[in-house]
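**Q** Just so you know, the sequences run in chain order Z and P. Quick note on numbering: the numbering used here labels position 224 of the first sequence as 244, and the sequence is numbered without any gaps. Quick note on numbering: the numbering used here labels position 673 of the second sequence as 693, and the sequence is numbered without any gaps.
Hints in this document: simulated from the structure, not taken from any laboratory. Here a beta-carbon is modelled for each residue, glycine too, at the ideal position from N, C-alpha and C. Take these hints with a grain of salt, some might be off.
Which chain P residues face chain Z? A few, computed with CB under 8 Å, are given here [what the hints assert, rightly or not]: (1) 77; (2) 119; (3) 172; (4) 182; (5) 186; (6) 436.
Number of protein chains: 2
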Amino acid sequence: MKNMLIKTCPLILLLFTLCQQLPAQSAATWIWYPGDFEIWLSNNMQNRRTERGTFFPVFWKYDSHYPLIDFHRNFILSAPEEVKIYAEGIYNVKLDGKPLEGAPKQITVPAGQHRINVKVFNQASVPAIYVSGKTIVSDTSWLVTFEDKEWIDETGKTSDVSATKWLNAGRWYFNTPDALPSACKLPVTVQHAISVTKNSNSTLMDFGRETFGFIRLHGLQGTGNIALYYGESKEEALSEKAAETLDRLSFHHQQKADSIMPLSKAFRYVNMVTSGDIKVDSVSMLYEHAGLKERGSFRCSDEEVNRIYDVSKYTFGLNTREFFIDGIKRDRWVWSGDAYQSYLMNYYLYFDSPTVARTMLALRGKDPVTSHINTIMDYTFYWFLGIYDYYLYTGDQSFIRQFYPRMQTMMEYCLGRRNKDGLMEGLPGDWIFIDWADGLSKTGAVSFEQLLLCRSLETMGLCADIVGEKGDADRYHQYAAVLKKQLFDLYWNDQQQALVHSRVNGKQTANVTRYANMFAIFYDYFTQQQKESVKHAVLLNDSIQRITTPYMRFYELEALCAMGEQSYVLKEMKDYWGGMLKLGATSFWEEYNPAKHGVEHFAMYGRPFGKSLCHAWGASPLYLLGKYYLGVKPTSPGYATYTVQPALGGLKWIEGKVPTPQGDIAVYCSTEEIKVTTVDGTGLLRFRSKTKPVCKTGSISAKGDNWYEMTMQPATSYVVAYQSLKEEQHGKRK
Amino acid sequence: MKNMLIKTCPLILLLFTLCQQLPAQSAATWIWYPGDFEIWLSNNMQNRRTERGTFFPVFWKYDSHYPLIDFHRNFILSAPEEVKIYAEGIYNVKLDGKPLEGAPKQITVPAGQHRINVKVFNQASVPAIYVSGKTIVSDTSWLVTFEDKEWIDETGKTSDVSATKWLNAGRWYFNTPDALPSACKLPVTVQHAISVTKNSNSTLMDFGRETFGFIRLHGLQGTGNIALYYGESKEEALSEKAAETLDRLSFHHQQKADSIMPLSKAFRYVNMVTSGDIKVDSVSMLYEHAGLKERGSFRCSDEEVNRIYDVSKYTFGLNTREFFIDGIKRDRWVWSGDAYQSYLMNYYLYFDSPTVARTMLALRGKDPVTSHINTIMDYTFYWFLGIYDYYLYTGDQSFIRQFYPRMQTMMEYCLGRRNKDGLMEGLPGDWIFIDWADGLSKTGAVSFEQLLLCRSLETMGLCADIVGEKGDADRYHQYAAVLKKQLFDLYWNDQQQALVHSRVNGKQTANVTRYANMFAIFYDYFTQQQKESVKHAVLLNDSIQRITTPYMRFYELEALCAMGEQSYVLKEMKDYWGGMLKLGATSFWEEYNPAKHGVEHFAMYGRPFGKSLCHAWGASPLYLLGKYYLGVKPTSPGYATYTVQPALGGLKWIEGKVPTPQGDIAVYCSTEEIKVTTVDGTGLLRFRSKTKPVCKTGSISAKGDNWYEMTMQPATSYVVAYQSLKEEQHGKRK
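Given the sequences, and given the hints that come with them, work out the whole structure.
**A** Okay, structure coming up:
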């Protein structure tokens, strides 16, 4: 996440243009208006939050899909073709502009050049089509619009000047006619409790670790009620009055029957309480998961770190669902700040770009913009940053090309809410979140928000350039430059050698917090000298309010890693994440304060079991270990170029893989040897060595101060013999 | 529609404010976010257009209801109360901010002051609730929002600064728990054919006149296909290849059964063609209608005019459905230009304000504005004019208060599309409709569009004043003033004594059409002298392209009536509408050209039966006879003041009623006597008399040139003896 120069890659542009012109080659799939299925699905998914059996939806605006969509594509056929048409919704079909009678399920398209239009209405779920012939298939090369604006005058003539905006259709994994998008469900696998404790009218089941899915009751018989109390802890499951989630059901089964709970839940423990003469033979669960392939990996000489990595992976997997959600017990919502970290973790584990795009589309929703994303100012900015990183890691411009107008209206909403100094300050309805931290001031114009806006404006400039909006690009670059200058003019305090937290009533406050300072490090907004001062004045200074959430630990540790403090960060990681493991955590938590004891750890929001014990932002070691220990990161979009800069951080050896669009880069590093297997793209290996390093297949250059670099060719294995510096540089705590 | 000064009536404002504060007194009804049900229902209704059995939806954007709505209201109870809660959608209930477990169907509200919140999600249909207790009932005093923006921080504290915008809930006629809004259907009554002609495998049924509804097949038995060909003419029903609407069904009934067609259709004739061994005992239809009460009436000494009035009424009734639609065969869509005329007719027949409001909401849809209403520039402006008239006729400010933001964004869309001279000129995607007329130029900046924009800006100024947006009001008034000046500076041609049709490339064209000129008459934009010149130079000048559509005849005849040409207009009315009746019309047509013959009358859009024979805009005599013959019109909002200025137009006598918010004004006028029975509000009777008129209960003032005026008190009957002028003033054709 360093301030890399991202420029439009001509090769990628060319490929994109070519793809637009090629005939459809892919297999048929269900398609829709891009972004619409994502909105529809996220509404449904976020509705699955319940609290004590009560529906608990979001408090911001839900948008809707467009209920009426026109799909079309031109085809050139060498022979006539039978084409099957499936649609979700009522529909019509036009061949070369002429409507066919009724709603045909199969049509014959003659040889030659033809256009097929399908127009679909569906209010309940997303208008979608699946078209399948020998060469004519529905895929993302189809064009879609929600307003075709093609009128017919009294003579039967159609409008001759079209202003219709066409986008490429959206898709996911619905690749057969009967895999209906509206019936979208993640896969499930059966799991069983590892221990069952029966009492008179209750049964406590322990599934061994944090899990997620649908409880299934087997051999249910009789008349009566069943209550299921779900617990991420045993204490929660046993607390009928305070368990956060539950199911209460009435049954009247003369014959034995099975029953699956309607809503998936997060739990390790389930306490089943029965009344009446009801009997249940046994209980199992259907574990629900996204089924993504783990591409990234990490192993090292420290078993505790390996365990941290594994539990991070498990935590992240549980929270990677239809979208990247915050936590599986609650909120099960798509929060932009949480999702942003998930994007980054994803680039080092699944590299599943569609989940990133889906999440960004769900978060953005539709115009008009009536509030910040999730109502939170910083979360709006993370949305822009997510796009920056998406392009950097994947090189995919299609998201930007299709959704630039949504980016623009979102940014204009922000710009329209600046104060008289041009700074973002909370207006009524704006939640300034930053972090959960006691007494953290949200008043006035907070430096952290300006910094995020500045980075967002840089992103907008980049995207405007990509879509060829020169005027926009100039404007956004200019705004970013002005704001960046203001950031230092207005917030930098020479005495404190740091950015201060805020300006209130136009005056700098004396308060220094970590937030803006650590972001300014890995955004490269600071000079090297400022970085060094800030490292000591803020990051390693205990008198500055400490960060207690894994959410902001993510960035704090990233900033330290970016400053070469891998040894220090590793120790912190073992303390913090290792601390949770020592308390028996099977997944990482929403928040962890080592000063608390026992059931205090489960409380939050004023409720005894309010805390989520499986929160995506708890999985940040995935990202840190991949990016700052294996040391792999792109330096131009889509890993066309990248660096590998392994750091042991005091470990004897590390090894693992980092996924890229072109395959997985494998890295091994010990104190004496570095091994890298590359993929397409040009890599740069960077490392320090006491002695002159040796590589048989590559050419190593010395860069001074024990630094060495080697350019690596695509799809090649390198072995470097070197000698690591005994004492790695690390910060001393004041 | 004269340029009356509409000002905010303090009494109405006071009543409005009082109503907001009174406890709920009304009976329980289903409520929703205002405008949302209207959008949902109009989508569904407009989907009912089919052509040759093919789904034929609109070509503009369908909007959606908000799928997630929070409803709340505060109550003060003297005793605890049991309250039943029904919802369309999944929901939760909060009492005083605390969620109740599950989705309770009944709650107990203790005595004292309490707040009830119900939050409902529904994607398929509109989130709606029905709440019913002794005093706690759901009605339009409940407040609703689509984003409550009430977050909870880590301590459990909720946001303390709310920026939530609350509107009053919307409702219609769903007044029992089981009258679900999502199941909305208009009432039906059974009707039978007046003649049935059977052939070998076909049966032709004649229902006697144009009608609308669902065909029901009785005693259906056997296996085979049935095709129903609907015809507004016999020729259409008998044309299996060209009938515009049809049903094709396959049956396999061993036992006799009835079958009702899924979609209502417009027809007078139905041709049923069977194949296979299928038998049908008989056929009936379910006539579907809005069931509105006819309050206005008109009778006169000319039976042809009476017949024109009756067929107008029937035509209008058929097209007054969930919304005011254009025509019942096709398009069955809500078109703003058509609807605007229906609003005006409605004020003289049903005075059903909710249908006007519903139609305006359906037309407007939601932000963002991506095109003109129905894609037509003039239709956007008619939407504003509809609001002007709605307020003038009903005095209801609630529509303006609730939907001012939608008016504003619509107007800003228009203002953002002006050319460098500040004039509206068609951009790609803008349909300049004006009228169906051979060779009518739509190029450049058309005077008619500027005139409509000017009136729309005046409306915006008025509405901004009502909602207290002083800055907006000033801006809109200023824009209107500038544009009005431009209209004369840029379009008035002294030589032609008229506004020219357009400016192309910044230069006035020589072309004069009727459109802008006739609107400028009844908007009082012309001086009296200009009106007289225009009357002769344009309205009564045969060398100016004639109007052939009832749509624009509406305004042409209104302009002539506004100039006192009732005798001339009556003759035109008898020629034009009488002409359709002489051809056997049982409802009035989309278009009528006396020069055509036989089946030529049925053709349009290049299709032999493309023309609609029952089009709302064909019913304009309803409006003309009420407003310009009975002569009743409001002069301040909601008929607080009004004029009655009867005009015989050459008839011996006329009589009828005109509905107002306070009741019906009854008028009788012969050549010797005028009788008026008034309602609440202050009326002004205006008439001309050769002799000094006499009224026992009122005080008549002479105004010169044989004009007399008498102020009329509320709820009083007046009889005036007078002597009408023998030769009424009327224009001579050149």
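**Q** For every hint, state whether the structure bears it out.
**A** Here is how each hint holds up against the structure:
1. 77: Holds, about 6 Å.
2. 119: holds, 5 Å
3. 172: holds, 7 Å
4. 182: holds, 7 Å
5. 186: violated, 13 Å
6. 436: violated, 14 Å
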